[in-house]
Structures are given as C-alpha cells and as structure tokens.
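**Student:** Residue-level listing of the chains:
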Amino acid sequence: MAERLRRHPELQAWLVLALPTLFLLVFFMAPLVIVFVYSFLERGKYGGVEWVFTLDNIRRVFDPLYFKTFLRSFYIAIVTTIVTLILGYPLAYFIAKSPPSRRNALVFALMIPFWTNFLIRTYAWLTLLRTHTGLINVTLMNWGIISHPLPLYGNDFAIILGLVYGWLPVMVLPIYAALERLDESLLEAARDLYASSYKAFRKVTWPLSIPGVVAGSMLVFIPSLGAFVTPAILGGGKTLMIGNIISNQFLGAHDWPFGSALSMVMMIAMLIATLIYFRWTKKSELMS
Amino acid sequence: MTETYAVELRDVVKKFGDVTAVNHVSLQIRDGEFFSLLGPSGCGKTTTLRMIAGFEMPTSGEIYIQGERQGYRPPNKRPVNTVFQNYALFPHMTVEENIAFGMEMQKVPKDEIKRRVDEALAMVRLSGMAKRKPKQLSGGQQQRIALARALVNRPKVLLLDEPLGALDLKLRKAMQIELKALQEEVGITFIYVTHDQEEALTMSDRIAVMNNGIVHQVGGPEDIYEHPADRFVADFIGETNFIPVKVVSLSPEIVVELGTGQKVKAGWAEEGLTVGDKAVLSIRPEKMDLLEPQEVPQTPSEAIAYVPGTVTHLVYVGTDTRHTVALGDGTEVVVRLQNIYVGEEPWEIGETAVVTWNAAHARILKE
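The listed protein sequences derive, respectively, from chains A and B.
Position one of the first sequence corresponds to residue 1 (the working numbering), numbered consecutively onward.
Position one of the second sequence corresponds to residue 289 (the working numbering), numbered consecutively onward.
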C-alpha cells in the first residue's frame with residue numbers, strides 16, 4: 001500500500017482530499033439539492049413537504065409583498081458594504097502602515113469583539129439605541145440637546161449600524177492583507193515619477209488593494225443580505241429582511257417549500273450580484 | 289561665481305532616532321559625471337541617495353540640485369529619477385504603461401508619450417515587450433525597463449540604488465558595460481550606489497567611499513586605489529597589507545620603524561600623525577617583490593625597502609601566486625607575484641626571502 005502510494009502521488013492527494021470532499025458532499029451539496037428540490041414542491045400540513053410539483057412558491061417570491069423585502073434587503077446589504085468599506089479601508093491602511101511590531105497587536109485588537117457572542121453584542125446596541133429608554137436618547141434629552149427622542153431604533157438605520165458594527169473586522173482583514181503585501185518602493189517609484197501622494201494612491205495603492213476590497217466586500221455583503229439576528233433585534237419587529245422571512249417560513253409558518261424558494265432566489269440573486277461586482281472591479285482595475 | 293554642480297550636498301546629517309545614518313556629508317557631483325557612492329551595507333550610501341531623491345529629508349544640512357536648494361521639496365517636484373534596487377516596476381501595468389507613467393503624471397501629450405516610450409524601449413533593446421507585464425520578463429529585462437522608465441523622463445540626474453545587485457555575475461558584468469555606455473550616450477549625471485568595489489572602479493568617473501555615515505574619500509578610481517586616504521579606504525578597496533609601525537620622522541622625509549626595529553621610508557603619511565605615534569604601513573600585495581638574500585644590493589637605494597622574512601604560505605591563483613611571508617617580528621604580509629617567470633625556481637615554504645618595495649608605494653595610515 002505504502003509503496004503504491006509512493007509510486008502514485010496523485011493517490012496521496014485523493015487520500016488527503018477524501019475526508020473534506022465527503023464532508024462537503026454530505027453537509028453542503030446534499031442540503032443544497034434538498035432546498036432546490038423542495039422549492040418546487042407543495043407544503044405539508046405540519047411542516048415537511050407534499051411530493052407534488054408546483055411553481056407557485058417561485059411565483060410567490062416575486063409577489064410585491066415579499067419582493068419589496070427582497071429589494072430592501074439588497075439595499076441594506078449594499079449600504080452596509082459601502083459603509084464598512086469607507087470605515088474599513090482607512091483602518092486597514094493605518095494598520096498596514098504601522099510598524100511591523102505593532103501590526104499584530106492591532107489586528108488582535110480588531111478581533112477582540114468576536115470573543116463576545118454576536119447576540120449579546122447586538123442586544124448591547126439595543127440598550128444604546130432604544131427610542132425612549134436607550135442610553136443615547138436619554139443622555140441627549142437629559143442634557144437638553146434634543147427635546148424628542150431621535151429615531152435610532154426599529155428602522156434601516158439601526159439595522160445598518162448593527163451590521164456595520166458586526167462585519168467591520170471582516171472587511172478590514174482582507175484589505176489589510178492586500179495593503180500589507182504592497183511593496184513600499186512601488187509608492188516611492190510613483191512619487192519619483194512625478195505622482196502626487198493622491199495620484200500615487202489612486203494609481204498604485206488602490207488598484208493593488210482591489211483584490212482585498214473585493215474579498216472584504218463579498219464577506220460583508222453576503223452575510224448582510226442573509227442577516228436575520230440583527231434585523232430581528234434592532235429592526236424592532238417592524239423592519240424585516242429576507243433572512244427573517246425565510247426563518248419565519250421554516251420555524252413559524254411551517255412552509256418549507258416557500259422558505260426553500262426564497263433561499264434559492266436569494267442565492268441566485270447573490271450569485272448574479274457577485275458576478276456583476278467582480279466584472280466591475282476588474283474593469284476599474286484595468287482602467288486605473 | 290561658484291560652479292553649479294549637478295548635485296551638491298552641504299553638511300548633510302540624517303538621524304533615525306538615535307542612529308546617525310549620514311554624518312555631516314558634503315559632496316559636489318559634477319554635470320554629466322558617473323559618480324558612485326561606495327561602502328559596506330549600512331554605511332549611509334542608500335540614505336544619502338534617498339535624500340537626494342526626496343524620500344528622506346535631511347535632519348540638517350542642505351541639498352542642491354542644479355544649484356537649486358531642495359529643502360523639503362517632495363520627490364515628485366525634483367528633477368531626478370530613481371532606478372530602484374528591486375526595480376519597483378508596477379505589477380498591474382504593462383511595460384509600456386510603466387514607462388509612460390512619469391510622462392502621464394507630467395501631462396505630456398499622448399502622441400509624444402507614445403513616441404518617447406517607443407524610443408526608450410528601443411534604447412534598452414526591448415521593443416517587442418511593450419505589452420508584457422513585468423512578471424513575464426527576466427531579471428535583466430526588468431532591470432532595463434526600470435532604467436527606461438526613469439530615463440524616458442529626461443531627468444537632470446539619475447539615481448541608481450544597487451540596480452545590478454539582483455543579477456547573476458555574468459549578466460551584471462554585461463550590464464555594467466551597457467550602463468556605462470548608456471550614461472555616456474545620454475550624458476545624464478548618474479549617481480550610483482553600490483557595495484561592490486569592482487563595479488564602482490569599473491564604471492565611475494569618481495567615487496565617494498563611505499562608512500558609518502561618513503565620507504572617507506572622494507576621488508577617481510585610480511586615485512582611490514593607489515592613494516587611499518585612510519585605513520578604511522585602503523582596506524575596503526582591493527587587498528592591502530597593514531604592517532604595524534611607529535612613526536620616527538615626518539619631515540623632511542617620512543620614516544617609520546617596523547616591529548623588528550628596522551627603519552623604512554614611506555611616500556605619504558596621513559594627516560594628524562605625529563612622531564612617536566603607532567601607525568600602519570599600507571602597501572598593496574602587487575607592489576611588492578621577493579628577492580633571494582644574496583640578490584639584495586651591497587649599497588641599497590634609500591628609496592627601496594628590503595625586509596627579510598620567511599615564506600609561510602603559497603596560493604596559486606592562476607594569473608599570479610600569493611606568497612605569505614612572515615617578517616622578523618612575525619607580521620605576515622602577502623606578496624602577489626605574477627606567474628611570468630620562465631625557468632626560475634618557484635618559492636618554497638620555509639625559504640628565506642627578502643620582501644622589497646618602493647617607498648613611494650608605502651602609505652602611513654592611522655591605526
């Protein structure tokens with residue numbers, strides 16, 4: 001056996017890959033297929049499915065009632081991604097430009113919030129943002145700066161704030177990795193070749209950090225689009241995202257096929273958005 | 289009116305925290321000159337170059353380019369261009385875009401950019417490579433693109449930071465000749481940083497030898513080799529013997545006493561030495577000869593030194609043989625003799641030999 005392995009290195013590769021492949025097939029591909037199949041079936045009375053083919057679930061997804069939530073989710077995820085990028089890029093830049101001895105400490109500091117449960121951190125935002133009892137509004141009103149509570153809670157603003165807070169480190173890390181790899185002498189070369197510091201950033205730093213920006217944006221956009229904890233807590237029960245509707249179909253309404261259809265459509269929409277985004281960044285990379 | 293230099297450094301100091309990288313350096317680099325900054329790593333040569341480019345600002349002192357004081361002027365406002373040690377070609381741009389970069393920043397008209405890029409590519413003989421990315425080129429080709437990218441802007445001064453350091457020996461030798469020819473062709477002042485003394489000697493009109501942030505000597509290659517100003521230069525450039533001596537007299541003639549008590553003359557003594565000082569006599573191995581004891585003339589010339597010793601070591605290196613000879617007090621000197629003697633008995637280990645040299649070649653340097 002050992003001899004045979006040595007003679008056929010490709011067998012070794014298969015042996016190493018066998019376990020992760022099996023894992024992915026059973027726990028990743030199979031559920032995906034189930035979701036796909038379920039979205040074309042009729043609902044069972046108490047959850048589950050009836051094995052009858054139908055397109056009704058898919059049709060219902062595009063019902064304005066749900067489709068509006070779809071669009072809203074996209075809007076929230078896009079704004080979240082843009083805001084984390086605007087906040088995250090300078091942060092990543094700062095860390096990458098710090099002395100090497102300090103960089104690891106800064107990255108470490110960035111990761112510290114992850115040690116606390118996401119749910120707890122989101123509830124912490126609740127105590128800050130709540131309309132009448134939230135710390136921010138209470139303080140501002142006590143100080144007489146405002147006379148009516150600000151609408152900080154139960155709206156898109158609160159959800160976006162919560163998502164930005166949650167996903168900021170995920171945006172920073174890949175951008176940091178790209179910037180940290182950037183050879184300082186390339187910037188010097190640009191400056192030497194008559195580029196102002198802005199032009200050097202625009203022509204060298206930015207295009208070379210785009211892979212990090214793309215990775216970070218994907219890592220923020222995808223979970224933001226499917227978010228359900230943040231909107232459930234900070235949306236105040238009024239402002240929902242598609243993730244909440246999906247979870248409701250499975251846990252509350254016992255409509256598995258419709259939940260599956262929503263998931264399928266969301267996945268496809270995400271895929272399309274990702275492809276458009278990749279194409280766009282590729283183009284802007286070429287242009288600069 | 290004083291002469292306008294291509295680049296002039298006046299008493300420039302650069303400190304990084306507590307470390308003084310460049311220590312009161314003054315240099316005058318003439319128009320059209322191939323000027324090298326030579327020294328071991330960490331000697332301050334690269335920092336000096338980076339200050340001329342504008343990447344670092346002097347802690348004190350002034351830098352003038354074409355007679356203009358640079359002050360805190362940023363790199364993009366200086367009429368110099370740099371060829372970086374690792375080339376620093378923009379990986380996301382083609383060769384063509386790399387070369388055009390400087391002209392685009394200066395808003396040169398498009399058709400002129402096109403023409404000059406083509407010229408620059410022809411100059412470095414890489415015309416077919418315009419559309420390639422730097423990664424697709426060999427080290428030597430990248431090197432030439434880096435050169436083209438800098439020269440295409442027609443700088444007053446080209447700064448080169450060990451540009452050949454990453455190339456293999458053979459390519460490096462070829463590039464040395466090519467670079468020197470190119471410099472003569474374009475007539476631009478080159479300031480060239482290197483730690484390779486042979487490279488500096490081969491290419492330069494003048495060389496500044498640096499160590500620990502200090503310029504030890506500025507001069508032509510021959511001057512620096514033949515007339516090293518101090519022990520560091522003598523040691524760093526080429527091979528040399530340091531024979532410990534004591535200064536006996538400095539004028540009218542320079543006389544020193546060897547460890548054996550024998551007195552010999554020397555052609556030059558470093559400033560600041562006084563009679564009675566301990567010093568070293570510096571002499572190049574190829575400036576010396578070996579004689580059989582009976583070959584020493586009865587009435588030896590005052591200008592020639594004859595010091596008896598014993599051959600202790602022989603190394604044959606092709607063109608010549610390195611003879612290590614222990615003098616009476618145990619000091620070992622290396623004598624290089626060319627292998628041109630026909631029929632003569634070679635020296636053997638243990639033989640008594642008289643080391644001889646012309647006093648004019650001996651330089652007395654501080655320890």
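Everything labelled a hint here was simulated from the structure, so no lab data went into it.
It is possible that some hints are incorrect.
[As the list claims (entries may be wrong)] Just a few of them, taken from the derived set where beta-carbon distance is under 8 Å, the chain B residues facing chain A:
#: 1; residue: Ala341
#: 2; residue: Phe343
#: 3; residue: Thr347
#: 4; residue: Ser348
#: 5; residue: Gly359
#: 6; residue: Pro363
#: 7; residue: Asn364
#: 8; residue: Thr370
#: 9; residue: Phe372
#: 10; residue: Asn374
#: 11; residue: Ala376
#: 12; residue: Phe378
#: 13; residue: Thr382
#: 14; residue: Gly390
#: 15; residue: Met393
#: 16; residue: Phe530
We put the beta carbon where it would ideally sit given N, CA and C, even for glycine.
**Student:** For every hint, state whether the structure bears it out.
**Tutor:** Hints versus structure:
1. Ala341: holds (6 Å)
2. Phe343: Cβ of phenylalanine 343 (chain B) sits 5 Å from chain A, so the hint holds.
3. Thr347: Not OK, violated: threonine 347 (chain B) not within 8 Å of chain A, min 20 Å.
4. Ser348: violated (23 Å)
5. Gly359: With a minimum Cβ separation of about 16 Å from chain A (threshold 8 Å), the hint on glycine 359 (chain B) is violated.
6. Pro363: holds (4 Å)
7. Asn364: holds (5 Å)
8. Thr370: Holds, because the Cβ-Cβ distance from threonine 370 (chain B) to chain A comes to roughly 5 Å (cut-off 8 Å).
9. Phe372: holds (5 Å)
10. Asn374: Interface hint status for asparagine 374 (chain B): holds (6 Å vs cutoff 8 Å).
11. Ala376: Given a least distance of 4 Å, the restraint on alanine 376 (chain B) holds.
12. Phe378: holds (6 Å)
13. Thr382: Since chain A brings no Cβ nearer than about 11 Å to threonine 382 (chain B), farther than 8 Å, the hint is violated.
14. Gly390: Hint on glycine 390 (chain B): holds, closest Cβ of chain A at ~4 Å, below 8 Å.
15. Met393: holds (4 Å)
16. Phe530: violated (39 Å)
This entry does not satisfy hints 3, 4, 5, 13 and 16, going by the numbered hints stated previously.
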